[in-house]
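**Q** Take a look at the letters that make up each chain.
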Amino acid sequence: MIVNCVAYQDGRKLADIRVEEISEYVKRPECFVWVAIKDPTNEELETMRREFGLHPLAVEDASHGHQRPKVEEYGDSLFTVMHVVELHGDEADVAEVSVFTGVNYVLSVRKGMEHGFVAVRERAEREPELLRHGSGFVLYALMDNVVDRYFPVVDALEVELEKLEERIFSGSSPKANIEELYNLKHKLMVLRHAVEPLIEATHRLYGGRVPQVCQGTQEYFRDVHDHLVRVSQALDGLRDMVGTAMSVNLSMITLAENEVTKRLASYAALVAIPTMIAGIYGMNFKYMPELDIPWMYPAVLAIMAAIDYYLYARFRRAGWL
Amino acid sequence: MIVNCVAYQDGRKLADIRVEEISEYVKRPECFVWVAIKDPTNEELETMRREFGLHPLAVEDASHGHQRPKVEEYGDSLFTVMHVVELHGDEADVAEVSVFTGVNYVLSVRKGMEHGFVAVRERAEREPELLRHGSGFVLYALMDNVVDRYFPVVDALEVELEKLEERIFSGSSPKANIEELYNLKHKLMVLRHAVEPLIEATHRLYGGRVPQVCQGTQEYFRDVHDHLVRVSQALDGLRDMVGTAMSVNLSMITLAENEVTKRLASYAALVAIPTMIAGIYGMNFKYMPELDIPWMYPAVLAIMAAIDYYLYARFRRAGWL
Amino acid sequence: MIVNCVAYQDGRKLADIRVEEISEYVKRPECFVWVAIKDPTNEELETMRREFGLHPLAVEDASHGHQRPKVEEYGDSLFTVMHVVELHGDEADVAEVSVFTGVNYVLSVRKGMEHGFVAVRERAEREPELLRHGSGFVLYALMDNVVDRYFPVVDALEVELEKLEERIFSGSSPKANIEELYNLKHKLMVLRHAVEPLIEATHRLYGGRVPQVCQGTQEYFRDVHDHLVRVSQALDGLRDMVGTAMSVNLSMITLAENEVTKRLASYAALVAIPTMIAGIYGMNFKYMPELDIPWMYPAVLAIMAAIDYYLYARFRRAGWL
Amino acid sequence: MIVNCVAYQDGRKLADIRVEEISEYVKRPECFVWVAIKDPTNEELETMRREFGLHPLAVEDASHGHQRPKVEEYGDSLFTVMHVVELHGDEADVAEVSVFTGVNYVLSVRKGMEHGFVAVRERAEREPELLRHGSGFVLYALMDNVVDRYFPVVDALEVELEKLEERIFSGSSPKANIEELYNLKHKLMVLRHAVEPLIEATHRLYGGRVPQVCQGTQEYFRDVHDHLVRVSQALDGLRDMVGTAMSVNLSMITLAENEVTKRLASYAALVAIPTMIAGIYGMNFKYMPELDIPWMYPAVLAIMAAIDYYLYARFRRAGWL
Amino acid sequence: MIVNCVAYQDGRKLADIRVEEISEYVKRPECFVWVAIKDPTNEELETMRREFGLHPLAVEDASHGHQRPKVEEYGDSLFTVMHVVELHGDEADVAEVSVFTGVNYVLSVRKGMEHGFVAVRERAEREPELLRHGSGFVLYALMDNVVDRYFPVVDALEVELEKLEERIFSGSSPKANIEELYNLKHKLMVLRHAVEPLIEATHRLYGGRVPQVCQGTQEYFRDVHDHLVRVSQALDGLRDMVGTAMSVNLSMITLAENEVTKRLASYAALVAIPTMIAGIYGMNFKYMPELDIPWMYPAVLAIMAAIDYYLYARFRRAGWL
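Chains as they are written, first to last, in my numbering: chain A, 1 to 321; chain B, 1 to 321; chain C, 1 to 321; chain D, 1 to 321; chain E, 1 to 321.
No lab work stands behind these hints, which were simulated from the structure alone. Values in this document were obtained by computation on a predicted structure and should not be read as measured data. Among the hints, erroneous ones may be present.
Remember, identical chains collapse to one label, so a pair may be satisfied in a single copy or spanning two.
[To be verified] DSS-like, lysine-lysine: derived pairs with alpha carbons at most 30 angstroms apart:
(1) Lys70 <-> Lys111
(2) Lys111 <-> Lys163
(3) Lys27 <-> Lys13
(4) Lys175 <-> Lys163
(5) Lys185 <-> Lys163
(6) Lys111 <-> Lys185
(7) Lys38 <-> Lys13
(8) Lys163 <-> Lys27
(9) Lys70 <-> Lys185
(10) Lys185 <-> Lys175
(11) Lys286 <-> Lys111
(12) Lys70 <-> Lys38
(13) Lys163 <-> Lys38
(14) Lys111 <-> Lys13
(15) Lys27 <-> Lys70
(16) Lys185 <-> Lys286
So that you can see chain A by itself, here it is in the shape it has in the complex (with noise of 0.2 angstroms):
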């Protein structure tokens, strides 16, 4: 579906113009056009091909999905994609979006996302003076939109982490915590790899040789890849934290089973030693004076408890109760 297909000129709107005046606008070389698509069908993307003359091998890669963010030029054009990550419950779904960028044109296709980037274009439109630099800027304009995305989702990964983190140290729910790592690991995995190789394809459109399109604008692109290096760093962090907070919850599962075990041996040991005592005055043997003596079963009686008494106190000074 075809969202927006606007003409510009000199850092301001021209006209909405028709899908087949395209190749027209993108001739003249003092305006440029930015076309926005969403799910587009297969028709849609051939007629783009053929009014901006893009290449088949990109048009092939937009229309598949499930590539890999990357920046590819091909001759004076680029071809951009990106992965937007949108936090849905335990999972970290994926939506795509494609970039042409031309020296006159800028196409963006965007996939199963639910937000689109009207609010880019928005602002671009109140700021002629930016948007003068032409297809470049809007480049920018969008990538930084993307890139601005992840630092909510980094956010909620960080919280996620702090939650269970307070679990793990108060030992509660072992089970439901290893599973939750994991399933952050895998979040914080999918997230990487979507932020990882924009990194290198950035770098590539301020530093060394800049292709064309992105000339003047080095320094927001350089800024775009200094947000994306941070959400990086941020998620290399979460990473071995989280990995730390798997060995620390290994290490409380074995903690808590030392409490058991110590436990166990304790109320055994409480009752173990009546039932010796009681076992020895059970016994059959025909002199065994203390029977015969009438306060002799209270007293035994006395001293079990006694006994018991003074291992509970004991057990519980040594922390095993």
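Go by the hints and put chains B, C, D and E onto chain A.
**A** The following block gives chains B, C, D and E in isolation, referenced to the frame of chain A:
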């Protein structure tokens, strides 16, 4: 066994030719020869060496097999080795494809592979405008085919991991889980050894100084490279999760031990306390007033039952039973 | 809040100047302006942007904060972000310093930091022969001060680890140890995220193509770089030892479990054997000749005591008790 | 001991020559001398140094031994150190080969090696068209021979791991498994230390600026490099799997502990319940009506047996027994 | 304290000179001055700074100490910091050597080192043909001496690991093993921090753009580099094996726990079964025909013994006892 031996001109099939004619056709600048061999004998390889003028070291590699994936330049020609990985039950089997590519010829040699490259040839013949690119395009088409075969393998391994995850978190069959995780890791390793060396090798076919036969088709090789990186990334992710799943499994085993210990302790308590009480009333003291009370025996039995009921309820609530 | 606003000429303080005069002094080739701001309002930053002609992206970074440490070139000027790490109990807090350095000016912006850079300014003013190097030297002096603050933090963490090691090997409070090791790891991560990016960034200030403002002071920046590498190395070592300490702690917990199991087994034996003997003499067989021997009861008690004494001694020797 | 001392011209053996003649033959541009020494004395090395004009540092390295594998250039000549690894039971023994290669000579010095390089010389003399390449080809032939000796070692280690895997998953002899995995890891390390440094070293013999003696034979050295990378890859895989096998073994041990605990609990239950019942009927209450019923004693025995049978069946079904 | 202060010309000792004469001798192009200081006072360093014209930052580093190993260029002169590692019981102590090398001078400053460099000077003076290379050769000789001191340390740590391995596999003193492995790891880290930075630093003394003072002696510095890489490789291997030994130790501890549990279970069975039988015959049923059979009591005792004997034999065979 020689599967095919065809001369092409201007992107179209010229003729099926005899092996002895190869050296003749290879000399014609305007056409190229595409030969496919399967499980070759040494004589066949020797014939090929003579007809195409191949380098002895490369022929030796193709003959001995057990090479690692690579792309090597011998003068103007390329020698490519690729691994096809096929899953058969718990095993990941590797078949080897060697491709000799010169300006005017392509020779593919496959060993121990179930499915050949007939589909590649058919598709190439249906697209003469692409086949016109010459032997470099054929090399691309073969590589693309090999790389496309990695994706279903990765998918199968991902499904396998998901099944294992479910079983791990449900706590069932920990022993089998360990063994299957180990097997999964082994299969991942086999696949990685097929993919990783190709990444570096294909990179040299489109970036920097490009070999002559690949010139004009760099964008296609970049696409192959990109797919390989995607496979590699997926493998890295899988590998990471398999490692994590292993330590999760260990945690689950340790947790299960805790459960067993707790249940053991609980049941032991339920039996030990009545035993102790019975022991006490089994003592042989002369003066034990309770022994003479008629309702005392059922009362003691009731007390035993009551204590056990209380303990049972408490253990239940504590999650020990 | 503007802390200082001073013009320098030839290595000596010229005058405290008003904010509005900045742009005027900056134009004079022979002098430079050094301004220090703390927790700035947006208006203050906007004023600075105008007076110094700063790049909007850099000002935005300084204003928003939460940047990663970096050194960025904007034309002839440098934008530097550094993190100051302060330990408060179990937390490692991060404060941010941004420094804008042009040929004729230095502007430092600090946020949420306890101690400012008054000492840096005082020392610089006492050494006019160094201050004569200009704004590049001031940037060095600020970086040097920030980096010097990392050393006591590293030392504190090393002391913390040593205390933990002692507790781990004495086997005391394994639960607290785990938690503190986890916290320690977290603090190390915060510090690493402050230090690592600066290493690469400072390297570019003395090696290869050196930015204009740093020329003539490369050896100073190499010194800063060297200190950062030293901090980084110490952090790597700490990190490694913390990981090892964690697994040592797990081993100690498992060992402790062994101890408990052994003691449990030993005490159980001491009780079970007399119980068994008592049970035997509690049987109701008619013909049990021992039962009629008068000294048999004390003899059996003595035998019980003797067996227990023997077992106790043996367990002691085996280290089970 | 001098094993061989032969002069070659135009790819064919000229003559066995005496040591004192070496310096004379080395001067002739059209021929080269190939000397093989084994476990040399210092005098022999000194003689060689004089005759060939070797660099003192290189001779010192060859004399002292315990060098790491390397290829060093001394002016126009190359000094190569390689390790041959031989498995003897649980040990991986390392023998050292030093090769001095000049434009007109090759001197191989081997220490502590069982099998020498006679086969290399024989094969080279059978292929004069290759030997014509000169001393560089001889160096290749020696390296190729050394590298070919790594493959059976890797294979032996792979077989060893497979045997261990079987034993680990069958749960037998966990203690021996740990020790053998540790030994296996040690042997892998020895092999890696032999292989890794050579990879980098051989790379310099065919890529970039190639030493003069290797010119014209680059493709051969690339082949050696390729084989080394293959060995290295196999070692990495092995190393990874050994690490995994170790943690699998730990999991199996923990699992075995669970089994033991469960069996222990089960058998304890089978004994404890009859004991409790017997205890109850051993109480001395006056009014216990069951005691007077004649069939009660066998009935109680039957109840005990029935309960145990039921428990036994249940434990069996639950897999505890 | 100034240990030596000697001028050399043409590879031979010219004279012991006074400190004040240094600046004079340094000016003569044909000779060089070699000064050795030990635990210097600030005044001594200040004197040296003036006499040799050293860079203040380098002098500051030498004075403060606690530098990381490095080689820094200050104009034409080199500033080198090296760590000497000495083992004292469980500690690895680090002493620091700073060497200032100019075209005409070498100044070595050592701190807290037991053994100085007298041997280096003596050997250099015995080999005038080498000393003729000038100050660069002296720097090499000092570095070589420092690096040679690493080998016995590595050997000592290897011996320590071997002893530990033996103890680990024999299962003795697991607690002490953990602590010693931890200490070993710590010592390895100290050594690595001494060696690693030097590897990179020495590489710059023979490869690429070589500092002037090292020209003509590159092959010697390559030798030092090579030795450092060898030390580093040995350390990596040790580090790897220490990590593995730690996890082996944990496995052995867990195994030991299994053994204890099995023995505990076995002995418990040997006691529990007679207790149960005794309990049965302790019941007070009126009609228990066995009780009246005279030989029944010894028969029951015999049965108890027989069962225990059978169980004991079975446990033995199963390896539980």
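**Q** If a hint holds in the structure, say so; if it does not, say that too.
**A** Each hint, compared with the structure:
1. Lys70 <-> Lys111: Within one copy, since 16 angstroms is at most 30 angstroms while 35 angstroms is not.
2. Lys111 <-> Lys163: Between copies only: 28 angstroms across chains, 33 angstroms inside a chain, cut-off 30 angstroms.
3. Lys27 <-> Lys13: within (17 angstroms within a copy, 39 angstroms between copies)
4. Lys175 <-> Lys163: So Lys175 and Lys163 pass the 30 angstroms test inside a copy (15 angstroms) and across (18 angstroms) alike.
5. Lys185 <-> Lys163: both (15 angstroms within a copy, 18 angstroms between copies)
6. Lys111 <-> Lys185: For Lys111 and Lys185, the Cα distance is within 30 angstroms only inside one copy (25 angstroms; across copies 33 angstroms).
7. Lys38 <-> Lys13: within (21 angstroms within a copy, 41 angstroms between copies)
8. Lys163 <-> Lys27: neither (56 angstroms within a copy, 54 angstroms between copies)
9. Lys70 <-> Lys185: both (23 angstroms within a copy, 28 angstroms between copies)
10. Lys185 <-> Lys175: For Lys185 and Lys175, the Cα distance is within 30 angstroms both inside one copy (16 angstroms) and across copies (24 angstroms).
11. Lys286 <-> Lys111: neither (94 angstroms within a copy, 87 angstroms between copies)
12. Lys70 <-> Lys38: within (19 angstroms within a copy, 37 angstroms between copies)
13. Lys163 <-> Lys38: Cα proximity of Lys163 and Lys38: none, with 37 angstroms in one copy and 34 angstroms across.
14. Lys111 <-> Lys13: within (26 angstroms within a copy, 40 angstroms between copies)
15. Lys27 <-> Lys70: within (27 angstroms within a copy, 41 angstroms between copies)
16. Lys185 <-> Lys286: neither (73 angstroms within a copy, 68 angstroms between copies)
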